[in-house]
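Dock chains B and C against chain A, hints included.
Line by line, the protein sequences are chains A, B and C. Heads up: the first sequence begins at 2 in the numbering used here, then just goes up one per residue. Heads up: the second sequence begins at 181 in the numbering used here, then just goes up one per residue. Heads up: the third sequence begins at 13 in the numbering used here, then just goes up one per residue.
Just so you know, the hints here were simulated from the structure itself, not pulled from any lab data. Be a bit skeptical, because a hint or two may be false.
[Stated by the list, open to error] Here are the simulated EDC-like pairs of lysine to aspartate or glutamate, each with C-alpha atoms no more than 20 Å apart in a straight line:
{"no.": "1", "chain 1": "B", "residue 1": "K335", "chain 2": "C", "residue 2": "E195"}
{"no.": "2", "chain 1": "C", "residue 1": "K210", "chain 2": "B", "residue 2": "D290"}
{"no.": "3", "chain 1": "C", "residue 1": "K210", "chain 2": "B", "residue 2": "D312"}
[As the list claims (entries may be wrong)] Stretch by stretch, here's where chain B covers chain C in the computed footprint (C-beta under 8 Å, at least three residues):
{"no.": "4", "segment": "185-196"}
{"no.": "5", "segment": "200-207"}
{"no.": "6", "segment": "211-220"}
Beta carbons: idealized from backbone N, C-alpha and C, even for Gly.
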Amino acid sequence: MQTDRQWHFFIIEKGGVWQLSKVKAQKSAREIENNKLKYFLWPAIIIPLCIGIIPYFTGIGLSFTNWKLALSNIRFVGLRNYIEMFSNPDFWNAAKVTISFSGLSLLVEIVFGFFVGWLLSVNLKGQAFFRSIILIPLMVAPVLSALMWKLMLPQHGVINYLLSFIGINAVSWLSNPHTALITLVIIDAYINLPFVAIIILAGFQSLPKEPYEAAVVDGASKLFIFKKITFPLITPLILLALIFRFILSLKTFDIIYATTGGGPGNVTTNLHLFAYINTFKYGQGAKSTAVVLILFLIIFIVSSKLIKRWTKATAYQK
Amino acid sequence: MYRLEVKNIDKTFGKVNAVKNLSFNCKEGETVVLLGPTGAGKTTTLRCLAGLEELNSGDVLLDGKNINNFSPDHREVAMFFENYALYSHMTVYENMAYPLSAPNRKNEYDKKKIHARVQEIAELLQIDELLDRKPNQLSGGQKQRTALGRTLVRKPKVFLLDEPIAHLDAVLRHRMRGEMKSIFQKLQCTVVYVTHDYKEALSIGDKILVIKDGELIQLGTADDIWSKMNNIFVAKLVGDPPINIFSGTLHLKESYLKIELEEQKTDIIFKSKIEKLEKWRNKKVLLAVRPTDISISTIQNSNSITGTLSAIEAMSSSYEITVTDAKNKMIKVKAKKNFMDLLNKKIWLNINTEKIHLFDLQNGESIYHGRSL
Amino acid sequence: MEDTISIKGKFVYYILLIIVAVAVLFPFVWIFLTSLKTPGDITCYPPKFIFNASWDNYKSLFTKSQAGAAASTLNFSRYYLNSLIVAGFGTLLSLIIGFGAGYALTRAKFRKEATRENVAFTLLSFWFGPELAIILPLYIFFNKFGLLDNHFALILAYQLIGVPFAVWMSRSFFSDVPISVEEASRIDGYTAIQTFWKITFPMVKSGLAATAILTFIFEWNNFLFALVIGGRNTMPVTTGALGFISYEAALWGQMAAAIILSSVPQLIIAMFVQKNMVRGLTFGAVKG
Chain A
2 MQTDRQWHFF IIEKGGVWQL SKVKAQKSAR EIENNKLKYF LWPAIIIPLC
52 IGIIPYFTGI GLSFTNWKLA LSNIRFVGLR NYIEMFSNPD FWNAAKVTIS
102 FSGLSLLVEI VFGFFVGWLL SVNLKGQAFF RSIILIPLMV APVLSALMWK
152 LMLPQHGVIN YLLSFIGINA VSWLSNPHTA LITLVIIDAY INLPFVAIII
202 LAGFQSLPKE PYEAAVVDGA SKLFIFKKIT FPLITPLILL ALIFRFILSL
252 KTFDIIYATT GGGPGNVTTN LHLFAYINTF KYGQGAKSTA VVLILFLIIF
302 IVSSKLIKRW TKATAYQK
Chain B
181 MYRLEVKNID KTFGKVNAVK NLSFNCKEGE TVVLLGPTGA GKTTTLRCLA
231 GLEELNSGDV LLDGKNINNF SPDHREVAMF FENYALYSHM TVYENMAYPL
281 SAPNRKNEYD KKKIHARVQE IAELLQIDEL LDRKPNQLSG GQKQRTALGR
331 TLVRKPKVFL LDEPIAHLDA VLRHRMRGEM KSIFQKLQCT VVYVTHDYKE
381 ALSIGDKILV IKDGELIQLG TADDIWSKMN NIFVAKLVGD PPINIFSGTL
431 HLKESYLKIE LEEQKTDIIF KSKIEKLEKW RNKKVLLAVR PTDISISTIQ
481 NSNSITGTLS AIEAMSSSYE ITVTDAKNKM IKVKAKKNFM DLLNKKIWLN
531 INTEKIHLFD LQNGESIYHG RSL
Chain C
13 MEDTISIKGK FVYYILLIIV AVAVLFPFVW IFLTSLKTPG DITCYPPKFI
63 FNASWDNYKS LFTKSQAGAA ASTLNFSRYY LNSLIVAGFG TLLSLIIGFG
113 AGYALTRAKF RKEATRENVA FTLLSFWFGP ELAIILPLYI FFNKFGLLDN
163 HFALILAYQL IGVPFAVWMS RSFFSDVPIS VEEASRIDGY TAIQTFWKIT
213 FPMVKSGLAA TAILTFIFEW NNFLFALVIG GRNTMPVTTG ALGFISYEAA
263 LWGQMAAAII LSSVPQLIIA MFVQKNMVRG LTFGAVKG
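Bound-form chain A, shown alone (with noise of 0.2 Å):
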């Protein structure tokens, strides 16, 4: 079975323009050419980036606009939308609450979530069932959890009578202001707490073993263990499971508009809720745009840093 190639395809620069060449390979029919896979790679690599890029500048150049849901005849603004949105109180209440939410979680989940990883990686009987259950919440839909939740916390729900028992008052956790971005917190801790904890149990379970022995054999104290050979073997991993946690959470949606839609008031709307809540309830497009847009070069920044501090900390490994 022999192809024949009998033309080359690339693109080539001739004279500042970028064109696409054809070129007839002088080649006998018997002389075969299909080394060239880089040609049959290239639209594999270009179509997703096309398929990503184009609703991208899209949306950059929308937040330029005067968009808003109704609205057809669709006028360049400048720079208005954002500084609007700076001078927005609501604005800087949804990035208020973008921060003390995700602060609170990645606190959490990271802390606790490295806690219960540690503890999965025990060598026991049966941590083969514990290590199985803690994937649920990663499988089910983060929607779906959140309206479990809300099913039990209502004032006269099923946690409120489980706290009655260790002597707290019964409270209306999501329709509280004071008491809806905790609760939150904890839902959402719920739902990704196993995404840490199996990253660090992957952590602990790929640790070598040599460095352990070698310093058993220098006497080393259980501290000075913990702190000079797993710390430093783990970090990276804390790491990944840091920049994963920072990136979904600051976008996080499914969960908020599920369970309090950003209310009571918006006490618990962040800014991803913020820009959903502006186009579809207020239509005003291009703003939210905007205020997305601000999102993700933040979450891009901080996340870039990370990785190349991971890529570092990793690259040894390599």
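Quick look at chains B and C alone, frame taken from chain A:
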């Protein structure tokens, strides 16, 4: 017509010129060895022959036909990879049958023929008991033989082998060195063999190319490489323990020649045709002499170097004796006796002037070889 | 770490593990119980742990006769079907595009090695952004062409979730296959495409399967795309489940049943990806 002709091939990776203007020929049934240290460009050359790398310039001809533009699957070569590259999801049998069941070879081999051929090669390499195993169930030596089997199972025009026995343990390597030669002869293979081990090169190669930094240093037979090295690099590469090198000044007298060794404060006197060495009169040269061509004595002689016998190592068929001179240079001598009684004593070394080699100090080129063995 | 733990130590560990397990399982257990309760039992306080169980809630999900005006617009079987269609075909498309790009990224010869990482990172960065950044432009676009509430449009939109993931995951698995093995196959007489199917693909089969399953789960779990770009006809279970609670009626029991039914398939499937789970969830960053 040669089976394989390599003409002035050149391969560059970015800024690194890995193969510089290399040329050689290979007759049918011949084994050509590419010998050199790591990074010399030997593997790159092999990959160019296989079609895995594109040449920057030069030509590769197989039976007279230019195959520069042929993809690997059409070149009719078989290759052994240094890391074995076994198909881990297939059994040993399937690994070996794989080349024979290639779609473009469906006409040549049917199931029966494949089975017979795999069986034949497996028996030759003594892995016929392992045919049902998967690579992860094999030892290092068994993996190597499986990879070799996969390479030998076809009848291509040229076999390309990249360090086939480099990663085996010493005993196995020693045994395989002998077996490889007989396998090649039995199957009448034309082979291009890459190695960094000079012993393999000398025992297996009909023709040896010594390569350094992509350039050809010397092309010759085993004898040429061993006793008629054309460069100090070749002299240092070949020999265990390595050749001893001294620097000195060449003086041409009426009836003899003298090399004044600076550090050892000795003169080495020998006879030879003076005209040939006229160019190096009173110039500094390098004197190289093999450990086997030095003898230990308790009596001072005209060509003696003085030193202390500092170490004795017992080898399989001789003793390796280290002598340290006044400036702490270690001179290696190979001897049949162990000279235990002279340990740490002052002794004299006699150099066999019929077996010395002289090299230019600046460019390492060979100037003179003692009368051949 | 420690090879032998004292009995007292083991006891403490098990207690802690059980606490964690209970915390994780309790909501599911409670929801399952709720799904078996009658409306009266659901709203009574203190909550009942023992009651008369019935499958009514489940039954009513699949029949059109449901109490309450709002109920008549709920169509759970439709939601489920939509989820299957959109996540199913969406995953298929994501895998085709994603695996292709993943393999290309691993094997293509770039003039500068840095370009390879830059392209890969760019593809990954699509996943960094808040979904609305893509959804709002898509909304305008689809609106103009009447593609809102359209299965095809939704499947296309889902690619923005599936493709970066499939690319990174498959890239991780493909780069585990040493290139020398593919080269050996080429020399043995096979073309590049034959090499891919006979050598590369079998070696990454289990990894690709895990990728496929996780992609399906992520696309099934999606909410925001379905909310904005989907509509009444294309509503999957994620947005559909919200419909059970509205101003008219709070059909907790049916919502609970809906949640259980919507989660079960993933739980079963997830059992099959255990091996590559961590690798999958971290986009191939942790080999687990």
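Has the given pair, K210/C with D312/B, been kept, meaning a C-alpha gap of at most 20 Å? With Cα atoms ~19 Å apart, K210/C and D312/B stay inside 20 Å; holds.
Is it true that the CA of K210/C sits at most 20 Å from the CA of D290/B? holds (19 Å)
How does the segment 200-207 of chain C fare against chain B when you require at least three residues with a CB closer than 8 Å, holds or violated? Holds, because 5 residues of the segment 200-207 of chain C bring their Cβ atoms closer than 8 Å to Cβ atoms of chain B.
20 Å limit on alpha-carbon distance, applied to hinted pair K335/B and E195/C: Roughly 19 Å between the alpha carbons, so the hint for K335/B and E195/C holds.
Annotated coverage of the segment 211-220 of chain C by chain B, confirmed only when three residues or more have a Cβ within 8 Å: holds (count 3)
How does the coverage statement for the segment 185-196 of chain C fare against chain B, requiring three or more residues with Cβ below 8 Å from a Cβ of that chain? This one holds; 5 residues, not fewer than the three required, reach chain B with a Cβ under 8 Å.
Every hint, counting from the list given before, is met by this structure.
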